[in-house]
Amino acid sequence: MDFGFTEEQNRFRQEVRGFLEDEIQKGFWEPACDAWIQGFDPAFTKRVAKRGWIGLIWPKEYGGQGRSHIDRLILTEEMLRYGAPAACHWFADRQVGGAILSFGSEELKREFLPRIAGGEAFFGLGMSEPGAGSDLASLRTRATEDGDYYVINGQKTWTSCAYFAHYFDVYARTDPEAPKHRGISEFIVDARSPGLSRIPMTDITGTEAWSDLFFDNVRVHKKYLIGEKNRGFYQVLHQLDYERSGLERIMGNYPLFEAIVQFSKEHKLSCDPDVRSKLAQLRIEFEVGRLLGYRVTCVMEEGRTPNWESAMSKAYSTEFEKRLANVAMEILGPYGQLMPGSRLVPLRGMAPHSYLGSKGYGLQAGTTEILKNILAARGLGLPGS
Amino acid sequence: MKLSLTEEQEMLRKTARDFLADKCPRAFVRQMEESEKGYSTELWEEMAELGWIGLAFPERYGGGGMGFVDLAVLLEEMGRACLSGPFFSTVVLGGLPILDVGNEEQKQEYLPKLIRGERKFTLALTEPGYQNYDASSVTVEAVPDGGRYIIKGTKLFVPDAHIADYLLCVARRKPENGIAIFVVDARSPQINYTLLKSIGGDKLCEVVFDHVPVPEAGVLGQPGQGWSVVQKMIERAAVAKCCQTVGNIQRVLEMTVDYAKERKQFDRPIGSFQVIQHYCADMATDVDGARFIAYQAAWMLSKGLPCTKEVAMARVWMSEASQRVMDSAHQIHGAIGVSMEHDLHFHTRRAKAAELAFGDASFYREAVAREMGL
Numbered sequence: 000m001d002f003g004f005t006e007e008q009n010r011f012r013q014e015v016r017g018f019l020e021d022e023i024q025k026g027f028w029e030p031a032c033d034a035w036i037q038g039f040d041p042a043f044t045k046r047v048a049k050r051g052w053i054g055l056i057w058p059k060e061y062g063g064q065g066r067s068h069i070d071r072l073i074l075t076e077e078m079l080r081y082g083a084p085a086a087c088h089w090f091a092d093r094q095v096g097g098a099i100l101s102f103g104s105e106e107l108k109r110e111f112l113p114r115i116a117g118g119e120a121f122f123g124l125g126m127s128e129p130g131a132g133s134d135l136a137s138l139r140t141r142a143t144e145d146g147d148y149y150v151i152n153g154q155k156t157w158t159s160c161a162y163f164a165h166y167f168d169v170y171a172r173t174d175p176e177a178p179k180h181r182g183i184s185e186f187i188v189d190a191r192s193p194g195l196s197r198i199p200m201t202d203i204t205g206t207e208a209w210s211d212l213f214f215d216n217v218r219v220h221k222k223y224l225i226g227e228k229n230r231g232f233y234q235v236l237h238q239l240d241y242e243r244s245g246l247e248r249i250m251g252n253y254p255l256f257e258a259i260v261q262f263s264k265e266h267k268l269s270c271d272p273d274v275r276s277k278l279a280q281l282r283i284e285f286e287v288g289r290l291l292g293y294r295v296t297c298v299m300e301e302g303r304t305p306n307w308e309s310a311m312s313k314a315y316s317t318e319f320e321k322r323l324a325n326v327a328m329e330i331l332g333p334y335g336q337l338m339p340g341s342r343l344v345p346l347r348g349m350a351p352h353s354y355l356g357s358k359g360y361g362l363q364a365g366t367t368e369i370l371k372n373i374l375a376a377r378g379l380g381l382p383g384s
Numbered sequence: 000m001k002l003s004l005t006e007e008q009e010m011l012r013k014t015a016r017d018f019l020a021d022k023c024p025r026a027f028v029r030q031m032e033e034s035e036k037g038y039s040t041e042l043w044e045e046m047a048e049l050g051w052i053g054l055a056f057p058e059r060y061g062g063g064g065m066g067f068v069d070l071a072v073l074l075e076e077m078g079r080a081c082l083s084g085p086f087f088s089t090v091v092l093g094g095l096p097i098l099d100v101g102n103e104e105q106k107q108e109y110l111p112k113l114i115r116g117e118r119k120f121t122l123a124l125t126e127p128g129y130q131n132y133d134a135s136s137v138t139v140e141a142v143p144d145g146g147r148y149i150i151k152g153t154k155l156f157v158p159d160a161h162i163a164d165y166l167l168c169v170a171r172r173k174p175e176n177g178i179a180i181f182v183v184d185a186r187s188p189q190i191n192y193t194l195l196k197s198i199g200g201d202k203l204c205e206v207v208f209d210h211v212p213v214p215e216a217g218v219l220g221q222p223g224q225g226w227s228v229v230q231k232m233i234e235r236a237a238v239a240k241c242c243q244t245v246g247n248i249q250r251v252l253e254m255t256v257d258y259a260k261e262r263k264q265f266d267r268p269i270g271s272f273q274v275i276q277h278y279c280a281d282m283a284t285d286v287d288g289a290r291f292i293a294y295q296a297a298w299m300l301s302k303g304l305p306c307t308k309e310v311a312m313a314r315v316w317m318s319e320a321s322q323r324v325m326d327s328a329h330q331i332h333g334a335i336g337v338s339m340e341h342d343l344h345f346h347t348r349r350a351k352a353a354e355l356a357f358g359d360a361s362f363y364r365e366a367v368a369r370e371m372g373l
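Protein chains in written order, with numbering that gives the first Met the number 0: chain S, 0 to 384; chain P, 0 to 373.
Some hints here could point you the wrong way.
[As the list claims (entries may be wrong)] DMTMM-like mimics (lysine to aspartate or glutamate), calculated; alpha carbons at most 25 Å apart, straight line:
1) S:Lys321 / P:Glu370
2) S:Lys228 / S:Glu265
3) S:Lys267 / P:Glu370
4) S:Lys49 / S:Asp21
Bear in mind the hints are in silico, worked out from the structure with no lab data behind them.
In isolation and in its complexed conformation, chain P is listed as follows (with noise of 0.2 Å):
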């Protein structure tokens, strides 16, 4: 047991810091949020030549042959620096899937493009309507016609759809009704793109499949695999969620607590009552619990043993700790985080869209109680 990070993890965590510092100043992401592309395209190159998108892929593939806790600590900058974009979708929602459940030549076909920056990926799954994160929700039909598949229906919440060459479309395939994973060519001239508007900043979309032929060969892995597979990816991308959101909320630590230090009324520095220093201390502790949940989270699944039960406890305490630590980060740092010019509302409007993605508080407090046998 060592729950501090190796000193290679170290070191990426102080490139990918210095990086995105540089890279990732918060000009550009208010400029990324006001684009309706949502990234930069230098930026992505820059990424893909640092081994970023292939980090935790095989070596064969063109990647770097690390882990998911390697990972991890990359997500976890990201958040910290408040970065959008396609990287999480490509990486968690659409490459590691693949790299999960494809066939040797869907891998060879799609990763190593994937790696090198060149194909961008999301993950169609949630739909209108839809409350909780099981099979039941998924309603969007793929429909066999001579060789191919016909895929129609709405898919809502879509990440970066809109800028992405695939999307991976959960959906049931008929006439059988059981669950199968599509890859799908983005640019089909049947699939339409909404962006709506969210509290996060990030391009989420409407989809519309609009009678989208798909080869045969579209199917990722073996069709029978169903819901467990897409159950996984869900655990996957929670986890990855969190550890973004560690980076999120460790950066507003670190940034209340220096306004504490500075900021003087009644002639002495804020963070000198006792009251703010007790904020802190609880801020503190929300973020450290977070961390090591999460991590504990990402090394189970780096190490491929089961945690349904972990994944889900680090969701509920992400969830719950991060609208902790923003809410004490409003209170102590005052009137001028409420405002547009102060940076803190970055971090507060991606917390929240973070709490509400891959399922909620409630939706993974039941599935503790459902592995403790109650």
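Pulled out of the complex, with its shape left as it was, chain S reads as follows (with noise of 0.2 Å):
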């Protein structure tokens, strides 16, 4: 067992520090909780492709730079850290690079490949549906074949990457008469497509961060399908795995945890013992979940697919940080339901944004619930209900 990092590794984290703090100093931009997923700014993510940190572990051949998972943990927890806007190329990174790395034709290998990772790509997920969500497999949007195109019609929601994305990663039904699980595609569509058309979503939290997508006969051409028709449904969990292989989950509220900590030292709060305990609480399960995430990484880097590994990961992080958002607002007293923007408004109103958010952590990239079927089917062996 080793729980360090080596030489290089440690530098190559304080060059990401280094970026991202000269970023700040810039005033480009400021940390903020929940940034990989509602933070777009394009400008950032070329800054961040310029210096090859997209695509990170992708082979040199298609624009990536063949480093190791565990350096893709040390950048990731890095722009957590600093709550970067990442979420232009946060998607595409983490889970759609590879799925057209895992399964994708040599052609989609070396036409998005590069263009990913030289943040000109940026994609958002189309996967959940108003009737399919945990039911993943029952999504009614259907792709029907016509020539050398697949024409779809439907609906997705939930949609990330609302009104940057320049594709979509979509998964719709070609096998209507197959078992459910046996007869979804993925397919990658571009968003200006004809009978394309978006609505945004506002969150709990006021954010427009997810869209509508409505498939009104959109044509894609089949070289755009990714891996086999039919195999979608398998594709889409193993993307799933690496979906909630990251860090995000526990660190995507860390610019609160270090606020709420330096507020309560500043204030004199933290003499409280009540304050103490439950800060020093949040710290000791904020470790258990760091390495939870890290063994996630571990699997990773020895070649293999983490499956209950980060469904555990994710499960526990999110539980984590629904009490890190209800221990914030409790210590800031009244003033915790202040909302970003208002007058007497501390930590820039972080704690309600997070505290509503956190509603939502436990049913993105699978609910809780599911998870922990997962966990204990393929994690313990437990047989099915």
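Using the hints, build the complex out of the two chains.
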């Protein structure tokens, strides 16, 4: 067992920190909670790309750097620590690029990966539908063959990267006769396709980070099918393992954690035994979440796809984030209710924003219940219900 | 970074697991709990022969030259097997502190025999009225008396003192009043032992030092080293206890999952009910969290890195996670789990005892708060 980082890895961490601190100092952006999913800043993404930090682990021939999963862990950990606005490239870097690498044709790899790595192609995820959440296999969006094309009709919801995505990673039914898990395929859909429209969704925090997508006879060339026809459900399970593989959910609100600890010190609230105990408990719970996240990286570093390990890490971490937001609001007392932009608001309103946001954490990327099912069935071998 | 065991550690684990499955079945554990000694001489000698006692000591004293993380692997397996007895007290509470603090002469005198299993050690630290693990709680006195010290006072919860050959006694050296550690011959006629009956089934003793003479050379290391040395001993013991608990609750998780797969109610295995699955998923999360946070502390100790915060975090998590795991295990096992015929109680009782040893969750949570600068 080795819990340390090499000197080279420590240097890389310092390099990332230096870059991010410089960005903040220049006033390019302010650290924010959930900026990895809600902070859209194409110029920032471009600057990150220039450093070679998008697609860090992909092979060099596709525009990546061929670096290790541990390097990517360090990079993303620092992005999250500083609350950097990385949402334009996060999804493609984390999962769509990997899906293309694992299942896509050589042509797709050459067309998309270098552009993602260059900060030129942003992706949103088109998985959930109004009638298909946890039971994703019951999705109803249809893709029908028509010559060299598929024609897509239907609706997606909670599609990330709302207005910035150039492409969507879309799952649609290609064989309605087959059992529901065996009739789904994965496509790359150009966001400018005729017949594709978006309506932004405002979430409980007041943020427009997601949208509804409507497909009205959207034509997609067959070459934009990722992987095998009708194997889409198995591919999405694989992709979801990666979607949950990072530190997003233990560190997505790290700026708030840091700020509330600092606030408690400065206002001498931390002399109160109750406040001390709550903050120390959060620190301990954070440490466990960090280590469960690190374990997922180690699994990937060994060349395995993390499955129940990432389910465990994500299910645990969302609960931590709920407690973090609750404790922060409690410590702030009546000021805790003041929303961003209000007179007298402490900590730029991060606490109520996180509190509201945290209601969705246990729903994104697999509900906590689904994740515990995965852990029980795949990790512990318990029988199906 | 690599959060799995090395090949060598995997081998050690497998050897230990097989050996203990053979030598330390639950019938043996029960027998040891019921016996006054609390251990078997044959098993002790076999462990010495396997090189377990000396595993983490340098080769020049006859040890195996391995590190604290390797010892952690062994401790985890002992926790899994519910093995009580003098291994923990001799190695963790006696030998390693001598290695840390003792002068060369003391190391040469004590360590080779300890490693060969010929001498058993333990630590006499806590006292009646002892609340927290801080220096102010130590009242046992060592008074100079013409080239020797006379120790008097009472120590409590001293593990395996009744069968130890030496006690490391933490006392106040008069007249300076500083803390020092004395190596005391446990057979001294001025020492009285009373066995306490404790929840963990281990052998905790009340030890009364009734004017016990100790030669000047019996001060471990330098007389002026004080409490910081003791603190390090406590830190290491706390982590070692965590590693034992990891083994304990890992086994409990496995027993519970197996039971949930076999036990049928309403014509189906109870493990097919989602509510049971989610209990099990939570248990697995608690256990894995416990493993990583305990081994992180063990790893830092082995590297000599400052780790007061990491040790404290491990202790808090372990205390609370182990109790949650035991609660769920009992709930899933149903009524059979609260009977003495089932094995679960061995684990339940040990987890509770471990939670209270070397500082509880509140004590260490406050330590984390201090380390955070709160």
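Each hint tested on the structure:
Of the supplied pair hints, the one linking Lys321 (chain S) and Glu370 (chain P) holds, its CA atoms being roughly 24 Å apart against a limit of 25 Å. Proposed proximity of Lys228 (chain S) and Glu265 (chain S) is contradicted: the alpha carbons are some 59 Å apart, above 25 Å. Note on Lys267 (chain S) and Glu370 (chain P): the hinted pairing holds, with a Cα-Cα distance of about 16 Å set against a maximum of 25 Å. Restraint check: the Cα-Cα separation between Lys49 (chain S) and Asp21 (chain S) comes to about 15 Å, which is no more than 25 Å; the hinted pair holds.
In this structure, the one hint that does not hold is number 2.
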